[in-house]
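Protein sequence lines correspond, in order, to chains U and G.
Numbering that gives the first Met the number 0 puts the first residue of the first sequence at 0, with every later residue one more than the last.
Numbering that gives the first Met the number 0 puts the first residue of the second sequence at 0, with every later residue one more than the last.
Do not take every clue at face value.
To be verified - Below are the DSS-like pairs computed for lysine-lysine, each with C-alpha atoms no more than 27 angstroms apart in a straight line:
#: 1; chain 1: U; residue 1: Lys-27; chain 2: U; residue 2: Lys-107
#: 2; chain 1: G; residue 1: Lys-170; chain 2: G; residue 2: Lys-224
#: 3; chain 1: U; residue 1: Lys-181; chain 2: U; residue 2: Lys-155
#: 4; chain 1: G; residue 1: Lys-224; chain 2: U; residue 2: Lys-97
#: 5; chain 1: G; residue 1: Lys-128; chain 2: U; residue 2: Lys-155
#: 6; chain 1: G; residue 1: Lys-225; chain 2: U; residue 2: Lys-111
#: 7; chain 1: G; residue 1: Lys-128; chain 2: U; residue 2: Lys-107
#: 8; chain 1: G; residue 1: Lys-128; chain 2: U; residue 2: Lys-108
#: 9; chain 1: G; residue 1: Lys-128; chain 2: U; residue 2: Lys-105
#: 10; chain 1: U; residue 1: Lys-133; chain 2: G; residue 2: Lys-225
#: 11; chain 1: G; residue 1: Lys-128; chain 2: U; residue 2: Lys-133
#: 12; chain 1: U; residue 1: Lys-181; chain 2: U; residue 2: Lys-97
Everything labelled a hint here was simulated from the structure, so no lab data went into it.
Single-letter residue listing:
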Amino acid sequence: MPLIEFHNVNKWFGDFHVLKNINESVNKGEVLVICGPSGSGKSTLVRCINRLEDIQQGEIIINGQVVTHKNQDLNALRSEIGIVFQQFNLYPHLTVLKNITLAPIKVKKITKEEAEQTALRLLDRVGIGNQAHKYPIELSGGQQQRVAIARALAMKPQIMLFDEPTSALDPEMINEVLNVMKNLAREGMTMLCVTHEMGFAREVADRVIFMDHGEILERGTPGHFFTSPEHERTKAFLREIL
Amino acid sequence: MHYTFNWSLIFSGNYGQWFLDGLVITLQLSGLSIFFALLLGTLLTIMRLSDFKPLVWFSVGYIEFFRNTPLVVQIFFWYFGSDPILPDFFKQWLYQQNIEFATGVIALSTYTAAFIAEELRSGILSIPKTQLEASRATGLTFLQAMSYVILPQAFRIVIPPLISQFLNLIKNSSLAMTIGVMELTYMARQVEAHTFHGFEAFTVATLMYLSLSLLVSLGITQYNKKCLRVGYQ
Numbered sequence: 000m001p002l003i004e005f006h007n008v009n010k011w012f013g014d015f016h017v018l019k020n021i022n023e024s025v026n027k028g029e030v031l032v033i034c035g036p037s038g039s040g041k042s043t044l045v046r047c048i049n050r051l052e053d054i055q056q057g058e059i060i061i062n063g064q065v066v067t068h069k070n071q072d073l074n075a076l077r078s079e080i081g082i083v084f085q086q087f088n089l090y091p092h093l094t095v096l097k098n099i100t101l102a103p104i105k106v107k108k109i110t111k112e113e114a115e116q117t118a119l120r121l122l123d124r125v126g127i128g129n130q131a132h133k134y135p136i137e138l139s140g141g142q143q144q145r146v147a148i149a150r151a152l153a154m155k156p157q158i159m160l161f162d163e164p165t166s167a168l169d170p171e172m173i174n175e176v177l178n179v180m181k182n183l184a185r186e187g188m189t190m191l192c193v194t195h196e197m198g199f200a201r202e203v204a205d206r207v208i209f210m211d212h213g214e215i216l217e218r219g220t221p222g223h224f225f226t227s228p229e230h231e232r233t234k235a236f237l238r239e240i241l
Numbered sequence: 000m001h002y003t004f005n006w007s008l009i010f011s012g013n014y015g016q017w018f019l020d021g022l023v024i025t026l027q028l029s030g031l032s033i034f035f036a037l038l039l040g041t042l043l044t045i046m047r048l049s050d051f052k053p054l055v056w057f058s059v060g061y062i063e064f065f066r067n068t069p070l071v072v073q074i075f076f077w078y079f080g081s082d083p084i085l086p087d088f089f090k091q092w093l094y095q096q097n098i099e100f101a102t103g104v105i106a107l108s109t110y111t112a113a114f115i116a117e118e119l120r121s122g123i124l125s126i127p128k129t130q131l132e133a134s135r136a137t138g139l140t141f142l143q144a145m146s147y148v149i150l151p152q153a154f155r156i157v158i159p160p161l162i163s164q165f166l167n168l169i170k171n172s173s174l175a176m177t178i179g180v181m182e183l184t185y186m187a188r189q190v191e192a193h194t195f196h197g198f199e200a201f202t203v204a205t206l207m208y209l210s211l212s213l214l215v216s217l218g219i220t221q222y223n224k225k226c227l228r229v230g231y232q
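One chain only, chain U, in its complex shape (with noise of 0.2 angstroms):
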């Protein structure tokens, strides 16, 4: 049973169709990498995912449980899937670690050291252990970046979403991101990748979709898709892009 399910999902904001008939899955433990030119409509889909967006039409089923219907407890929804945005979004006035701790502590209602533990481990895992004291001012951005992870990550979350992680980074600090997301895809973890690191597919992706319109054109394994897709409009993004 997969994870993850779209069926025939619609989403309009105002009179503009973002997203158009989606149907895909996810299985537990892969990595979709979605790309696709702006405006496709591949953040809206990953952001329906945990419901920061709602959907018009259709249905996404977690663990085989609609999540998309009006009774859903959307907080308890959102503390299984961890989300990184691509500004980082980190809470200024609060340190690193009580960026991580915040929501473990709140939601989860574990012990303010259960979660400081957890926080500490979570940084030294993306490499940042000697900075839990600091404010996200204090670091660069992929520090920040990799900070937003362990956040997500501090929830134990089933799933992670990755709403263009690298996008707004320098490029030299954008593989200290993208090394971090393939260890954790290496670790099993169910990842949902909208990014434009087409290295990062190649390397790490089970699978990639390519969207446009707010249609899903194309999809298959990387080989596939970077080698021999079947759609025009992927193969002129993929000329653009490459």
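Using the hints, position chain G against chain U.
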């Protein structure tokens, strides 16, 4: 002009003590009112920004009503006019208190809360929406996200206008003399009535208000600089 200044007179006898007694009441009145105004103002802001329409309407109605009527009228309303609409248990509790003082606190805090709510709302609106999004995405409820992420940031931003509101409240507390609260202005008036030296009496009161306001302003500004702005450029 045959006015002879007599500064020693107004500090003679019990007059000096009167000023101090008045100052203490002003401090208590202002301190309590600031506390309740902040509490109520924050609550009004959260209601205003919630998704639940009746709360939004209540908050908007409250703010417009209290901002747009004179404070003295509100004080008189609470003191002379509110009797028929207050619940019995509250009235009984109120009559056991110093009723003038309690009325002063109610009037000043309900009035100032409306202004604080508006300042705070503009502070919250200046926080990027992505902060709320990021905190909600980790499973925090709306109220938790407000309490731990949004409001702490908003308060840091609105501290300068909040100081003005606090200073206004301290100065407005002098209006409580109209219902007989024996605060600083009331006591200055007493001294004047006994000594016929109004210039000296109100000069002393003026200087006391001035130093109090400057102290509050300086204290909060320093606290903000030293403790709250860490992590900001």
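*asked:* Of all the hints numbered above, which does this structure not satisfy? Sort the numbers upward.
replied: none
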